[in-house]
Every structure is written in structure tokens, then in C-alpha cells.
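The lines below spell out each chain.
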Amino acid sequence: KQEVTQIPAALSVPEGENLVLNCSFTDSAIYNLQWFRQDPGKGLTSLLLIQSSQREQTSGRLNASLDKSSGRSTLYIAASQPGDSATYLCAVNSSYKLIFGSGTRLLVRP
Amino acid sequence: DGGITQSPKYLFRKEGQNVTLSCEQNLNHDAMYWYRQDPGQGLRLIYYSQIVNDFQKGDIAEGYSVSREKKESFPLTVTSAQKNPTAFYLCASSMSGQGPNVLTFGAGSRLTVL
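Residue numbers (my numbering), protein chains in the order written: chain A, 1 to 110; chain B, 1 to 114.
Wrong hints could be hidden among the right ones.
To be verified - Sample of chain B residues facing chain A (criterion: CB under 7 Å; computed from the structure): (1) Q41; (2) G42; (3) L43; (4) L90; (5) F105; (6) G106; (7) A107; (8) G108; (9) L111; (10) L114.
Unchecked claim - No more than 27 Å apart at the CA atoms, straight line, and that leaves these computed lysine-lysine pairs for DSS-like: (11) B:K70 / B:K57; (12) B:K57 / B:K83; (13) B:K83 / A:K1; (14) B:K14 / A:K42; (15) B:K70 / B:K9; (16) A:K42 / B:K83; (17) B:K9 / B:K71; (18) B:K71 / B:K14; (19) B:K83 / B:K14; (20) B:K71 / A:K1; (21) B:K9 / B:K83; (22) B:K57 / A:K42; (23) A:K42 / B:K71; (24) A:K42 / B:K9; (25) B:K14 / B:K57; (26) A:K1 / B:K14.
Claimed, not checked - For the chain B half of the interface with chain A, some residues (derived, Cβ under 8 Å), not all of them: (27) P39; (28) G40; (29) Y48; (30) I51; (31) V52; (32) V102.
Hints are computed from structural coordinates only; laboratory data are not their basis.
Everything numeric in this text was worked out from a predicted model, so none of it was measured.
All C-beta atoms in this analysis are idealised placements derived from N, C-alpha and C, irrespective of residue type, glycine included.
Given only the sequences and the hints, what does the whole structure look like? Please build it.
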């Protein structure tokens with residue numbers, strides 16, 4: 001059974017710092033891995049989607065990597081801003097459904 | 001603008017009552033999904049549907065029911081059999097029910113049982 005774990009559960013950093021969020025999964029047989037952002041009381045917004053054949057994806061200050069063999073993905077946020085404060089969830093697509101991690105709650109302090 | 005509309009945004013229910021959460025999409029997506037989110041936890045799949053008039057149970061389907069009579073609509077009923085229904089419910093859709101897909105999410109419905 002696929003399990004997705006995100007570490008740390010919460011993170012507080014000063015503005016401008018570069019940071020890394022971690023996601024690990026137990027079964028390497030995945031179609032893709034996706035990183036989402038969720039603001040309090042809101043739905044999810046897709047940030048980056050990495051196909052199983054890819055190693056990384058970049059969008060602006062965000063870079064996501066995927067190491068399928070080791071069951072790991074990282075989300076790198078450069079030059080963090082207070083507006084980046086949110087919960088970040090990763091999800092792996094193993095079949096017709098996504099398996100989500102419990103998220104990392106990020107606070108960027110001004 | 002294309003997207004997913006969930007209603008109501010907030011819903012209060014007395015114990016023993018059934019409630020129905022609405023999910024409508026105008027993205028022409030084939031597949032639709034219902035997830036439940038509890039505080040500090042990831043999303044858990046309740047039901048999903050890949051085509052009209054067909055749906056499958058997810059990981060936590062007990063106490064819930066769905067229908068898919070139209071491509072654009074996938075309502076979720078939380079029945080009185082659901083022992084702990086207070087949660088945030090998210091609807092999503094995707095282009096197809098097979099292979100790698102990108103999900104589009106609605107804004108969610110928060111259900112509170114009084």
C-alpha cells in the first residue's frame with residue numbers, strides 16, 4: 001500500500017531564506033508526483049507536476065525534484081516571501097487516484 | 001472561466017441528518033473525485049467517477065454516497081451512518097480517469113455536525 005510522508009510537519013523561516021520541503025513515498029511504481037499549495041480554508045492549487053520519467057520541474061522560485069528509485073521528492077523554494085506562507089502537500093499518482101501526504105505548514109516571517 | 005464550483009461553502013448539520021454537497025465543473029473533464037481532509041492530515045479519497053453513471057469507492061466510502069448522472073455534476077451525500085462527518089470536503093476533476101493526470105480542485109465545503 002502506497003504511503004506518503006512529509007517532513008517537517010511545520011516550518012517557520014525568516015523572509016528571504018531558501019528552504020526545502022521533503023516528501024517520501026513507499027512504492028516507486030508511480031505515474032507522477034505533484035506538489036500543491038493550500039491556503040487556510042481553501043482548495044488546493046497545483047504548483048508542479050513531475051512525470052515519472054522526469055527528474056525535476058521548475059516554476060519561478062520553485063523547483064521540485066523526483067528520485068523515484070529512492071522514493072523521494074523535494075520542493076525547493078528560493079528567496080522565500082511572506083506570501084509563500086501556506087500548507088504544501090505532495091501527492092503521488094499510483095493508479096486512478098492520488099495518495100496525499102499530510103503536508104508541511106510553512107510560515108515565512110517578515 | 002472554467003472551474004469547479006462547490007456549494008455550500010459552510011454547512012451545519014444535526015446528528016442523524018443526511019446532507020448533500022454539490023460539485024459542478026465546466027471543464028469538460030471526464031473524471032471527478034471527492035476527498036475528505038481532517039486537520040493536520042492529508043486528503044483521503046471517498047469516491048471517484050471516471051465516466052457518467054459509473055463510480056467507485058475510495059479508501060473511506062462508508063457512510064457516504066454519490067451519483068454521476070451528468071458529466072458536469074458529482075454530488076456527495078453524507079449520511080447519518082457516517083460516524084464522524086465533521087471535516088473539510090474537496091471535490092476535484094481531471095481530464096481522464098486513466099494514467100497521469102492533473103487534478104483541478106474546488107474551493108471546498110466545510111461540514112460541521114452540531
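Evaluation of the interface hint that places B:L111 against chain A, nearest CB under 7 Å: Where the cut-off is 7 Å and the nearest Cβ of chain A is about 13 Å from B:L111, the hint is violated.
Satisfaction of the B:V52 interface hint, Cβ to chain A closer than 8 Å: Constraint on B:V52 not satisfied, violated at 16 Å.
Distance restraint between A:K42 and B:K9, which requires alpha-carbon spacing of 27 Å or less: Roughly 10 Å separates the two Cα atoms, so the pair holds.
Hint consistency between A:K1 and B:K14 [alpha-carbon to alpha-carbon, up to 27 Å]: violated (36 Å)
Pair hint B:K70 and B:K9, alpha-carbon separation not exceeding 27 Å: holds (22 Å)
Restraint check, 7 Å cut-off on beta carbons, for B:L43 near chain A: holds (4 Å)
B:K57 paired with B:K83 [C-alpha distance capped at 27 Å]: Within the cut-off at roughly 17 Å; holds.
27 Å limit on alpha-carbon distance, applied to hinted pair B:K71 and A:K1: With a Cα-Cα distance of about 30 Å, the restraint between B:K71 and A:K1 is violated, given a limit of 27 Å.
Restraint outcome when B:F105 is required to lie within 7 Å of chain A by C-beta distance: holds (4 Å)
Status of the hint placing B:G106 at chain A (closest C-beta pair under 7 Å): At about 5 Å, which falls below the 7 Å cut-off, the nearest Cβ of chain A leaves the hint on B:G106 intact, so it holds.
Holds or violated: B:K57 to A:K42, with C-alpha atoms at most 27 Å apart: Judged against 27 Å, a Cα distance of about 25 Å means the pair holds.
Status of the hint placing B:G40 at chain A (closest C-beta pair under 8 Å): Since the shortest Cβ distance to chain A is 6 Å, the answer is holds.
In summary, the structure is inconsistent with hints 9, 10, 18, 20, 26, 27, 30 and 31 from the numbered list given earlier, while agreeing with the others.
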